[in-house]
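Colleague: First to last, the protein sequences are chains F and A. Numbering-wise, my numbering puts 165 at position 165 of the first sequence, and it's gapless, one number per residue. Numbering-wise, my numbering puts 544 at position 191 of the second sequence, and it's gapless, one number per residue.
These are calculated hints, taken from the structure and not from any lab test. Do not take every clue at face value.
[Unchecked claim] Here are some chain F residues the structure puts well away from chain A; computed CB gaps all over 10 Å:
id, residue
1, Pro-7
2, Phe-50
3, Arg-141
4, Ile-219
5, Asp-241
6, Gly-252
7, Asp-322
8, Leu-334
[As the list claims (entries may be wrong)] Once the Cα atoms are required to be at most 30 Å apart in a straight line, the calculated DSBU-like pairs of lysine-lysine come out as:
id, chain 1, residue 1, chain 2, residue 2
9, F, Lys-246, F, Lys-232
10, F, Lys-196, A, Lys-637
11, A, Lys-400, F, Lys-36
12, A, Lys-402, F, Lys-108
13, A, Lys-389, A, Lys-400
14, A, Lys-461, F, Lys-108
15, A, Lys-400, F, Lys-284
[Unchecked claim] Every beta carbon over 12 Å from chain A, so not counted as near; a handful from chain F, in silico:
id, residue
16, Tyr-53
17, Gly-103
18, Val-282
A quick note: this is a predicted structure, and the numbers were derived from the prediction, not measured. We treat Cβ as the ideally placed atom computed from N, Cα and C, and that holds for glycine.
Protein chains: 2
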Amino acid sequence: MDSFITPNELFYKRNHLPVPVIDPETYRLEIVIPGKEAVSLTLVDLKTKFKHYSVVAAIQCAGNRRVDMAAVKPLRGLSWGGTAIGNAEWTGVKLKDVLAYCGLDAEKEEEFPHIHFDGLDTDMEKCYAVSIPTDKAMDPRGDTLLAFAMNGEELPRDHGYPIRVVVPGVAGARMVKWLGRISSAKEESQGHWQQKDYKGFSPSIDWDSPPDFENAPSIQELPVQSMITVPKSGDTFEPGDEVVIKGYSWSGGGRGIVRVDVSIDGGQTWHVANLHPTGQDVRKTWAWTPFTFTFTIPENASSEKIQLICKAVDSSFNVQPDSFAPIWNLRGVLSNAWHRVNLQIVQDKDEAL
Amino acid sequence: MDSFITPNELFYKRNHLPVPVIDPETYRLEIVIPGKEAVSLTLVDLKTKFKHYSVVAAIQCAGNRRVDMAAVKPLRGLSWGGTAIGNAEWTGVKLKDVLAYCGLDAEKEEEFPHIHFDGLDTDMEKCYAVSIPTDKAMDPRGDTLLAFAMNGEELPRDHGYPIRVVVPGVAGARMVKWLGRISSAKEESQGHWQQKDYKGFSPSIDWDSPPDFENAPSIQELPVQSMITVPKSGDTFEPGDEVVIKGYSWSGGGRGIVRVDVSIDGGQTWHVANLHPTGQDVRKTWAWTPFTFTFTIPENASSEKIQLICKAVDSSFNVQPDSFAPIWNLRGVLSNAWHRVNLQIVQDKDEAL
């Protein structure tokens, strides 16, 4: 949290398939709308036919903070701590402008309620393929972009060069990199990461249940989230030390953060953290909201430990749940319970060393 | 939960000021848009100039389930159990159509981001007055109505005759009854119930803090909610009895309910409840979602108590928090922690009686 904007080289990378090498000269984006002629756009077409927009948006993997959930009961997934999120300025053209150009009729949204994205990254014959709801794609307030730049630079290869989709407010898994094809359809994408992954399950469902992926809902918008990034669990302080707590908060669907509560006594009492002023509309907040809270380790801190907690409240007043066990799920996604950090308190830090 | 639709005579009433008597012949709705000529519409104008729509929507008071929060620490507010919610079919005209007719330019939304509603109910000189965001009022998917009928009947006097606003997905306090005036403005309404009530606060803020009402955010969309309506705490069963759990679930902002988890052992394990099929779009769900779960009291139930719990998950995967203390607030609003019902278990019910 040293910077509101995450530098390109520090932004997390989660690529499910090998990163493709794409020649910008031969690159084509295919757009297929039922009942309309298919359209093929070059990179120059995309950059010159449509108005450019820049949007600052956080992208969070649905599996961010999975390690805390895995501590309850083993599960399957990459061991993300709290770093599967980043905040960047994305520049590109609006998906709704491109779809309208290709003949999509917003009035027919109910007939074709899904927009599919196919990546150019493939594993044997199958490509990375997912979908989002058409109403999100076409929402004038939705800000869904086909991005060609990240923080003012050409989109890096690891982040989807030459084009990635940026769907503010939804899970990172829907923001296809190395975008090759867009289509509108009656059904969701049949891609693996739409149908067999990134779905929510009850804590009662384990791999031997077995999970009914077909009927489980796909994750689109993510729930409210926050995390303390500084200090870290195990950091040592002594009575009288000033501690500056730093962290991030964010919620899906453009819901702004209205408050972050911080506890320095394991949840017995709460304090209101200072929110970094981001200038975002509370109903269209795509970037994260950094927070800080400063306190002094009490002189009479007799305990050897102090537990810090943070929990955020978004503009619909949804809050983070208290604990992980009741939201545990077999893929370790949607891991947004309170974040706890245990500090070690010593009477004399120098002596302790 | 005997019926998906709450009958008019059973629908909760929460009127802040005396109920006015309005003559439909002399009734006028005034609409004031800056830079446009003010418009005055009769009841006949409203019913004949605009297309009619019907929307099934739940209305929930922001103070629903306040008693559970008050159990943590005293607070101020009416002692609502879980009945400050109802689900009805509302028929009327779309607010966006009326505003467009009166000259509101949707493109100027950012200039006038608030739509004010003034009721004809007054206490001395002040009327009931609140506001909603213009983007909600004008959203083609927002379904905000000026309603003149409830469940197919003329709007009852207690529910706002002749016109009430129905803003699906937000707190009941914003759905002004006996509507007298609509205006668009740069700022939120200065009405008492917009500025000095229906706001969220940290659990650390009490009346002697004092609460900073001016800078606290107004409640619009409500968080995910659910409640067991049958059985009730204190109901008695014996081993072998079949228990049918019934309840409701709902979330703000049109977010549908994707799952309700039920526990019959105080939260140690969870079961997936059956959701009543309501046929609603998961991204535009205004009505509540009733649920049921049937189980048998174990023959070896040695404990004298069984604790039932329900918790809902909405389409953005927000969940209800585990407990009330961390969401406690001085007005007892936004009370949406898990609902718990304690059953008494006796070995022989007849003997116990």
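Colleague: All the hints need checking, so say for each whether the structure fits it.
Modeller: Hints, one by one, checked against the model:
{"no.": "1", "hint": "Pro-7", "result": "holds (29 Å)"}
{"no.": "2", "hint": "Phe-50", "result": "holds (19 Å)"}
{"no.": "3", "hint": "Arg-141", "result": "violated (6 Å)"}
{"no.": "4", "hint": "Ile-219", "result": "violated (6 Å)"}
{"no.": "5", "hint": "Asp-241", "result": "holds (22 Å)"}
{"no.": "6", "hint": "Gly-252", "result": "violated (5 Å)"}
{"no.": "7", "hint": "Asp-322", "result": "violated (4 Å)"}
{"no.": "8", "hint": "Leu-334", "result": "violated (5 Å)"}
{"no.": "9", "hint": "F/Lys-246 <-> F/Lys-232", "result": "holds (10 Å)"}
{"no.": "10", "hint": "F/Lys-196 <-> A/Lys-637", "result": "holds (25 Å)"}
{"no.": "11", "hint": "A/Lys-400 <-> F/Lys-36", "result": "violated (40 Å)"}
{"no.": "12", "hint": "A/Lys-402 <-> F/Lys-108", "result": "holds (26 Å)"}
{"no.": "13", "hint": "A/Lys-389 <-> A/Lys-400", "result": "holds (22 Å)"}
{"no.": "14", "hint": "A/Lys-461 <-> F/Lys-108", "result": "holds (26 Å)"}
{"no.": "15", "hint": "A/Lys-400 <-> F/Lys-284", "result": "violated (34 Å)"}
{"no.": "16", "hint": "Tyr-53", "result": "holds (15 Å)"}
{"no.": "17", "hint": "Gly-103", "result": "holds (20 Å)"}
{"no.": "18", "hint": "Val-282", "result": "violated (7 Å)"}
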